[in-house]
Amino acid sequence: MLNKNMMLGQNKRPVHRSGDRRTAHSAAQGTHSTPSAHGRRSAQGARRPHGLAPSRRGSERPRFLNPAFLKNQDPIPALAEKEAESITSSKENIRIIPLGGVEEVGRNMTVIEYKDDIVILDAGLQFAEAETPGIDFIIPNTKYLEKRISKIRGLLISHAHLDHVGAIPYLLKTIGNPPIISTQVTNAMIAKRMEEFPNHQTVNYQEVKAGDRIKLGRHLAARFFKIAHTIPDSIGIIIETPMGNIIYPGDFKINTDRDGKPVETAQFEKLGQEKNLVLLLESTNSEKPGFSLSEDVARENIRKIFEQAKGRIIIGMFSSAIERAMDVVDAAEGLGRKVFLDGYSMKSNMAIVEQLGFFKPKKGSILPVEKINDFPPDRVVVICTGAQGEEKAALMRIANKKHKNIKIHPKDTIILSSSVIPGNELSIQNLKDNLARQGARIVHSGIMDVHATGHANQEELKLMVKLIKPKFLVPVHGQFFMLRNNADLAESAGFMRERIVVPMNNGVIIEVNAEKIDVLKETAPSNYVMVDGLGVGDVKEIVIRDRQLLAQDGMFTIVVVIDRNTKKIIGNPQVTSRGFIYVKENFDMVNATKRIVEKVIKENTAVDMEINWEFVKNQMREAASNFLFQKTKRRPMVLPVIIEV
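Residue numbers (our numbering): 37 to 681.
Think of the hints as simulated: they come from the structure by calculation, not from any bench. A portion of the hints provided could be inaccurate.
[As the list claims (entries may be wrong)] Below, computed lysine to aspartate or glutamate pairings styled on EDC-like, alpha-carbon distance capped at 20 Å: (1) LYS498 to GLU461; (2) LYS603 to GLU634; (3) LYS374 to GLU406; (4) LYS635 to GLU658; (5) LYS604 to ASP554; (6) LYS653 to ASP599; (7) LYS502 to GLU305; (8) LYS502 to GLU534.
[Said to hold, decoys possible] Cβ pair distances, simulated, as ranges: (9) LYS428 to LYS638: 50 to 56 Å; (10) GLU128 to SER381: 44 to 50 Å; (11) LYS440 to ARG614: 31 to 37 Å; (12) GLU243 to ASP524: 51 to 57 Å; (13) PHE411 to GLN303: 40 to 46 Å; (14) GLY530 to GLU343: 41 to 47 Å; (15) THR612 to GLU243: 57 to 63 Å.
Note that the structure is predicted; figures quoted are calculated from it, not measured. For glycine and all other residues, C-beta sits at the position ideal for the given N, C-alpha and C.
With these hints in hand, go ahead and build the complete structure from the sequences.
Right, dumping it as structure tokens:
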């Protein structure tokens, strides 16, 4: 446990004043943002429905990567490092730099810098999407921090969801292994995740709780306050600066009573009496009107389903929805049902909160899933992962009849207690179809309120601004339209637009002091850092482009053997097709392609010529590609191979 007012280090390295900046008004009212990397676009850049191939016109190679993805690539790493090192700040300004989380839902990471002190708020990952095939995760770019390691005083974590902690194992070493400062549950879950990386360095965990205050270097301090979210021990963070507080609630909601009136607002009202300089306000649900559904309502509805169910109850949810899982266990115990947890992350998370004393089930109420068939159906509750239709998750294995211990019975009740993540609609529909075919009754949030979000809706966002009374507002956590909508909400509640900065992109450098807030023209490096297997940052744009080409139209390989002395072709060219055409059913086209390749080689080779084989291969590729496009209107990746013997 940290002692109050603990000093976490200091440094006296001078910094220098920077020049150009533009006003907050221009940032808030500026031109359209670069499209999010989530937007899938055709060759012409226009948004197209999922599943439709991009249009192709003429013989031009189609573009597969949208502008946002290309912007997020790092073509010249050395230049990016030089730029990161050269950006200097004014001594009297505070810097706020979102390195992730303002062009996407996920990858949340924000830097607070003042003089010789830097603190980092969260370090999350973003799950890869269709535009990054084969990639496991995307994490924040830390080049800006890597050049300022001696100034970093701590990594402060609001809560243990992966979009806020998932990048820690990958980037902790690159930023100098600063202390991780958070609550008991959050630190324990980070430590559990670090166990999956056996060669990681020793981690310095510093434990805090709501109400604590710690010193961070010479100029900054931090306090912590309790936040309502879907995972226990979540906290908001107050960064104290000489010019006022920077308030970071992280992900939050404001609970309401049975009449829909907000409760638990006293701490925010008290905080609003302080000198609050900037509020960093999440934007995830900025489109959703009213107040978010109270967890009490979801809890009561789940209890009603339990009381009515005659057979087994199987409830799918996010493994991070620990508060709801504990409520389900409580409801099951009250009705004499045994609980069976399934899914690695679900079992791991519940074990952690039980070990720390946040969860106290009755002895014998939670049993291994292998014993599920020892009990009658009306005494069984299964809590499992997979409500998003994830292929390898427990609920999908149950639906696909691939689970070793659980088979669906006609009287089973399936509760999908989670929101639908955009992009997962088809997977969830397939999940429901497979369960319904086996006779199960399915309840989801479209039928009954069995899921309550952990994020603030519009009225909660406006209320937070009114209660905190910040001088300046910076929306964070969401795609750009979510951030802009959050700014509009604040303005509708009476907040002055010129005091709002909407970050246009990750890496934007915001400078603020007691009088004004500006946005620099310089930006911190924010290019995608992609995690693929054991590789971190080694997959660049060219690799992703090749993968997309392969996924789009497949591959066509032509192998030609050349006599080193006579420069003549030996035998026939050999062709291999993967994901393009079935060779055995397209002999005419394959043979015609071979003849075209042979002609190209004859025209560009002779015994007395000095031959540039790279040029010859390029000619082969272009001729074959144009012919195949003419015949099929498809452009596979053409790989010419020349072997001299």
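Output the numbers, in ascending order, of every earlier hint that fails for this structure.
-> Per hint list: 1, 5, 12 violated.
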